[in-house]
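Visitor: So you can see what is in the structure, the chains are spelled out below.
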Amino acid sequence: MTPPNPTAVEEAPAGTPPPRRRPSLRLPRDRHALVDNFFRFQSLFGLVAVFLIAIAVSPVRNGENIFLSSGNLANIVRAVSEIGIIAVGMTFVILIGGIDLSVGAVLGLAAVGSATLMVDSGMGILPTVLIVLLIGTAFGATQGAIVARIGIQSFIVTLAGLQAARGIARMWSGGLGVPIAYGDGPKEAPEAFSLLSGSINGVLPVPAVLFIAIGIGALLVLRSTAFARHVYAIGGNEKAARLSGVPVRRVRITVFAISGLLAALAGIIHAGQLNQGSPNDGSGYELDAIAAVVIGGTSLAGGSGSMGGTIAGALLLGILNNILALNNIDANVQLVVKGLVIVAAAALQKLRPRIS
Amino acid sequence: MTERPLVRMTGIGKRFGGVQACRDIDLTIAAGEVHALLGENGAGKSTLINILSGVITDYDGTIEVDGRPVSFGGPVDAQRAGIATIHQELDLVAGLSIAENMFLGREPRTRLGGVDIRRMRRQAAEHLRTLGADLDPRRLVGSLRVGEQQLVEIGRALSLDARVLIMDEPTAALADAEVERLFETIKELRRAGVGIVYISHRMAELEVIADRATVLRNGGLAGTVDPRTASRDEIIQLMVGRSVDALFGEGRNEPGKVLLDVRNLAVTPRRPTPGRTEPAGVDLTVRTGEIVGLAGLMGAGRTELLETLFGAGGSGRRSGQMTIDGRPYGPHGPRAALARGVAFVPEDRRGAGLMLEHSVAENVVLSALATLTTLGVVRRQAVRRTVAEQLTALAVKAASPAVAAATLSGGNQQKVVFAKQLLTQPRLLLLDEPTRGVDIGAKAEIYRLLHRLADAGMAILLASSELPELLSLCDRVVVLHRGRTVATLPRASATQQAILAAANGDDAKETR
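Order-wise, the sequence lines are chains Y and W. If you're matching positions, the first sequence starts at 1 in UniProt numbering and goes up one per residue. If you're matching positions, the second sequence starts at 1 in UniProt numbering and goes up one per residue.
In case anyone wonders, no lab produced these hints; they're calculated from the structure. Where a beta carbon is used, it is the ideal one built from N, C-alpha and C, also for glycine. Among the hints, erroneous ones may be present.
Said to hold, decoys possible - If we take Cβ atoms under 7 Å as the criterion, some of the chain Y residues that face chain W in the derived model are: (1) T225; (2) A226; (3) R229; (4) G236; (5) A240; (6) R242; (7) L243; (8) S244; (9) G245.
As the list claims (entries may be wrong) - Straight-line Cα separation of at most 30 Å, DSS-like style, residue types lysine-lysine; simulated pairs: (10) K350(Y) <-> K239(Y); (11) K397(W) <-> K239(Y); (12) K350(Y) <-> K338(Y); (13) K350(Y) <-> K397(W).
To be verified - Just so you have them, the derived chain Y footprint on chain W, three or more residues with Cβ under 8 Å: (14) 348 to 359; (15) 367 to 381.
Make a model of the complete structure from these sequences and hints.
Guide: Shown next as structure tokens:
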């Protein structure tokens, strides 16, 4: 089976088995296949193109290309890691033809939860992380259950979820940000939590590593599990999937639970990076995550798309923001450029030759 | 055909990539004739029709309308030239009223520029009256039955002053009574001088309605016949290029023990859905190795019964007894049904059977993924082998298992749905109109497949609107009327008349 997983081959890490080259289930290698592959790998081409442009227009200081400096590259991945992790969960949701607008608010709730549990309740890191992840997962699963059982559109359910999560976060924190101070005393969080804002060997930012690891994990899940086939099937034709014995409700709930889980994880990272948890954290993140998924070539109608595309889409957005900032271009211009890129990516998908 | 034809197509050819869809086809349509267009799926009918209706604008050959060469830039041009098309999938907006649909895009205006709703309704009502349709133009199209929706489409064509009307399988979704009404309408249009291009897979209809039949094969012209005099075998031979003997195959061996037993099955829906007839007193048995037919008019509840048996019906309270192998059976969902060895091939293969944009391979294995995974990870090698086996076993014609299901012809799509369901190794196979929209060659293959499955001991329950199909395939025919079993006819006593009499209800007051 060949799920539309364009970038999988390119991004598979060294430790994974090499992709099979058996062509029998792949498209015939003719001109149509070339065209088709271009569109399937669209976001990857886009990523490479934006990367090259960024090198070209980057300011140079003392003969060093600032964009290409390892510090800058690491920063890009760090900057997109939260959006990227959320986008990974969002990809599952969009693949079944749904949408999850609550992820930004769940991130805020998780950030508040992390700070409050450690600082106010004096909990250790592990119980804190587990509880927060559990809250995110349960929140997502509840939304999924409402979508699957009652049959309300996910747009509406998660719009309501967004409001609810923000409200809970504000009630929990008293409406204010909860600063995280580190130390062993009361009202202080364990020192180890600050690792989230650090780097491995001073090079690889921890959030970036988490993002890449989760991205690759999700990519493998989507490539080769029966669960993923069920996700694609529901997005492709829910009725046919149900009549074929796909446990539609269970898959739906699981997908929203994954999205909630990853949003909560992003919230923990957020708290670790900013040393505080504020109930307003992550507002608007859901839209950036959706943008990354769309740029990655996943159809909002569900049923087709890939995790590799989403990862490439998130990185592309990060590079774009970075290079515009390096060139001192106004942040408002950045927003406009982001809008143009989203439209361009969607337009490219429209050009993709349809099956006759 | 002495007068000048309305439309003359000469030397029409069209190539899609490496496929020659049409090659040097001549076709004329005269005023007041019903011209049938025959051919297996993939013979080039749709391409030819799409060229004539302006959907395909780039082709070889010439089209003349009223003797003047034309070149359509799009469907609107064709409509202006008086050529209207009624597609198999009707182009209606469910959420709009009949009148709004008829005048969609060219609504009559008031002096202030608003829509002149009253005039629109009045004109729509006139067209409906011409068609003998007793429908309120204010009704939403979504609330109409398929046959009624078709009348709305024809009404729209009339409002366009169409002189050529192309009908693509207009009876595919109609019950017998509705077919008769459609034929009356067609005769009416013929008298009014409209030239009709009529595409259908049903031979019996052509004998009744068509004046001329042009047969296409592999994109070329295979011949023109008079369907009223030509024998069916002759026409079939033209279509497939060889003679088809024993389309339905032989009678078969003795059925075994009772597999499915249904006693007084009824479903009380939680919320009644208009247009659905839930089971209201169904008795039937299906034995192993037996093919049981399910007959009934449209709205008799055949589909609803099959869905209920598969656990896929509407929500509601179920009463009566169902057993499989003597053990109680009451599936709460398709998964539970599949687990008990019951599989279902739905009527609407595009809407409910297939993921059209996904590959053939992905479609085939969807039901059986559980058997092809280790710890949740799909075994690609096993999938590849299984798919190859299934495609070979059912003789599915596909460029490769990786092509999208949508690219296959109707018959091959249906075979993919069969392959998917058969992979679950069912003991009871529920089929809803398995040969609808399937060409005659694929039909014969499906019949042979059903015989083979029954011979291997599978129990088959088959709902069909085509009486000849039921009569020749089935060991017994169960007739439904308003959700009730009204007759069970063994093969020996099942005749068209007997089935129709039962299907129309014993009590005259009950007929609609």
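Visitor: Against each hint, give a clear statement of whether it holds in the structure.
Guide: Against the structure, the hints come out as follows:
no. : hint                : result
1   : T225                : holds (5 Å)
2   : A226                : holds (4 Å)
3   : R229                : holds (6 Å)
4   : G236                : holds (3 Å)
5   : A240                : holds (6 Å)
6   : R242                : holds (6 Å)
7   : L243                : holds (5 Å)
8   : S244                : holds (4 Å)
9   : G245                : holds (4 Å)
10  : K350(Y) <-> K239(Y) : holds (26 Å)
11  : K397(W) <-> K239(Y) : holds (25 Å)
12  : K350(Y) <-> K338(Y) : holds (19 Å)
13  : K350(Y) <-> K397(W) : holds (29 Å)
14  : 348 to 359          : holds (count 9)
15  : 367 to 381          : holds (count 9)
In summary, the structure agrees with every hint in the numbered list given earlier.
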